[in-house]
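Asks: Each protein sequence line maps, in turn, to chains U and L. Positions in the first sequence are counted from 1; adding 11 to them yields the working numbering. Positions in the second sequence are counted from 1; adding 3 to them yields the working numbering.
Careful, some of the hints might be misleading.
Chain L side only, calculated, beta carbon under 8 Å to chain U, not exhaustive [stated by the list, open to error]:
1) GLN343
2) CYS344
3) GLY345
4) PRO346
5) LEU349
6) ARG367
7) ARG371
8) GLY372
9) LEU373
Keep in mind the hints are simulated off the structure, nothing from the lab. Heads up, the beta-carbon is just placed ideally off N, CA and C, and yes, glycines get one too.
Given next are the chains, with one letter for each unit.
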Amino acid sequence: MSSVTIDWRRCRGHGVCSAALEELVTLDEWGYPVLTGQEVPDHLHAAARMAQWTCPAAALRVGR
Amino acid sequence: MTVQIRPASLLPGIPVANSPAAPTPNRLLRPGTLLLSNARPGRTVSLPEHQAYWGPTPHAHLSQVIEAAERTGLVGAGGAGFPTGRKLRSMVHGKSGPVIVNGSEGESASGKDTVLLTHVPHLVLDGAVITARALASREVIVRVPASRPTVIAILQAAIGQRHDGIRITVSPGEDSFIAGEATAVISSLQGGPSKPVALGKPPTMRKGLRSRPVMLSNVETYARLALAVRGHTGLSSLVTMSGAVLDSGVMELPTATPLGHVLQSTGADPELAALITGGWHGTWIRPDDARLSAPTNREAFRSAGWHWGAGALIAIPHDPCPVDVLHAITDYLVGEGARQCGPCVLGLESARDDLAASRQVTDRVTGRGLCAHPTATIAAIRSGQALLAEELAAHRSGLCTNVGSRS
Numbered sequence: 012m013s014s015v016t017i018d019w020r021r022c023r024g025h026g027v028c029s030a031a032l033e034e035l036v037t038l039d040e041w042g043y044p045v046l047t048g049q050e051v052p053d054h055l056h057a058a059a060r061m062a063q064w065t066c067p068a069a070a071l072r073v074g075r
Numbered sequence: 004m005t006v007q008i009r010p011a012s013l014l015p016g017i018p019v020a021n022s023p024a025a026p027t028p029n030r031l032l033r034p035g036t037l038l039l040s041n042a043r044p045g046r047t048v049s050l051p052e053h054q055a056y057w058g059p060t061p062h063a064h065l066s067q068v069i070e071a072a073e074r075t076g077l078v079g080a081g082g083a084g085f086p087t088g089r090k091l092r093s094m095v096h097g098k099s100g101p102v103i104v105n106g107s108e109g110e111s112a113s114g115k116d117t118v119l120l121t122h123v124p125h126l127v128l129d130g131a132v133i134t135a136r137a138l139a140s141r142e143v144i145v146r147v148p149a150s151r152p153t154v155i156a157i158l159q160a161a162i163g164q165r166h167d168g169i170r171i172t173v174s175p176g177e178d179s180f181i182a183g184e185a186t187a188v189i190s191s192l193q194g195g196p197s198k199p200v201a202l203g204k205p206p207t208m209r210k211g212l213r214s215r216p217v218m219l220s221n222v223e224t225y226a227r228l229a230l231a232v233r234g235h236t237g238l239s240s241l242v243t244m245s246g247a248v249l250d251s252g253v254m255e256l257p258t259a260t261p262l263g264h265v266l267q268s269t270g271a272d273p274e275l276a277a278l279i280t281g282g283w284h285g286t287w288i289r290p291d292d293a294r295l296s297a298p299t300n301r302e303a304f305r306s307a308g309w310h311w312g313a314g315a316l317i318a319i320p321h322d323p324c325p326v327d328v329l330h331a332i333t334d335y336l337v338g339e340g341a342r343q344c345g346p347c348v349l350g351l352e353s354a355r356d357d358l359a360a361s362r363q364v365t366d367r368v369t370g371r372g373l374c375a376h377p378t379a380t381i382a383a384i385r386s387g388q389a390l391l392a393e394e395l396a397a398h399r400s401g402l403c404t405n406v407g408s409r410s
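Work the whole structure out from these sequences, hints included.
Replies: Rendered as structure tokens:
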């Protein structure tokens, strides 16, 4: 199973990740991501990759 | 010996009303019980004196150093309390960069590291040299704030007396609340900003410095390690007392010392509004009889749910108004943020706004952000808000429960 992490130095609260991966990422009152879980279940792996590729700040990472 | 100290009034609005002298948390109040048992306030123990008392610097294999750390239950004394043995286990003999002694003491309510460096520098250096030899590292770097030239001078004189075959250098650094965080120190040693790099990075930072993992620990941790490797199993608590006390400063005590005794012996105001344990990021507690009978040590504090951090205790009196003090501390902590990420910039500022508008500060950043500062700051504000609920309610209805206060 892979996991998702946020690079807080890069993140500018665009919110794209939440649209791409709404099952795992919600947004706080300022639009910054709140992870509801770090582990990415297999069926969400493609969505997590999409969130990684579409983040305008390249702040979201999907790793082992 | 005069030790360079931080701005006397710690924070604007932080009470020093009962203190005849400016608070000097970097002052040793009396000889200690273990690390500082051969120290006299205001005097540096020389190398011959140190060796006559503790014996020569022992040589030890890495496995022996790890064993000594684990046998004595040694944990990092900078605040996070990470087990030193586990940190050492992640290091590899012969593949380590410099051993770093972190004397940044960014926690401005703590003075213990400065006191150790100015009174028993050779005990601290022993611990670092033992570690460097065990890792086959040839270099030790001691990080001290550049704003403390006296500490740097004492340290350099001590280094000049030693012949360990290890290069020991003093690296002056920034003096801010977050500059002492481990990843911030590494970042600054690499020429970057003195700001934390990442939350939850392994403490040894595998590619720490010059692409080599580095062993970085707090000053007190190395001093304790120097005795643990010598076979000493004794424990002690190193605390810094400040705020509404007659004698602010550093004390080393038996771990069973009741908290009330610590307050009494420093001439604390007997009618305190609160006691903050564990420094500015810490826990606000009501110092009643039951709490004051708790032993002053990390374990006891943890089981009581109180922060220990670097062992800093701050006495908060009724005058000036503790609500004003909570606001001042909040302003200070928010201002000390690295401002590198959303949770820090927006989360901390909105917490300050909530407090200013008498709204409950909510827990909205926990576990998020680039470093632990946003999480810890909001926890501290919430702790103060919970303890001062009554006073805050009075303020909301336009009354201050404290006579002679500014608000």
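Asks: All hints, please: hold or fail.
Replies: Hints versus structure:
A least Cβ separation of about 5 Å between L/GLN343 and chain U falls short of the 8 Å threshold, and the interface hint therefore holds. Hint status for L/CYS344: holds, given a least beta-carbon distance of 4 Å to chain U, under 8 Å. With a cut of 8 Å, the hint placing L/GLY345 at the interface with chain U holds, because the nearest CB-to-CB distance is about 4 Å. Using the Cβ-Cβ criterion of 8 Å, the hint placing L/PRO346 at the interface with chain U is satisfied: the shortest such distance is roughly 6 Å.
With its C-beta approaching chain U no nearer than about 4 Å, L/LEU349 sits inside the 8 Å limit, and its interface hint holds. Because the closest C-beta pair between L/ARG367 and chain U is about 6 Å apart, less than 8 Å, the hint holds. Here the hint on L/ARG371 is kept, as its CB sits about 7 Å from the closest CB of chain U, short of 8 Å. Checking L/GLY372 against chain U by beta carbon gives a least distance of about 5 Å; that is within 8 Å, so the hint holds.
Contact between L/LEU373 and chain U, as hinted, is supported at the beta carbon level, the nearest pair being about 4 Å apart and thus within 8 Å.
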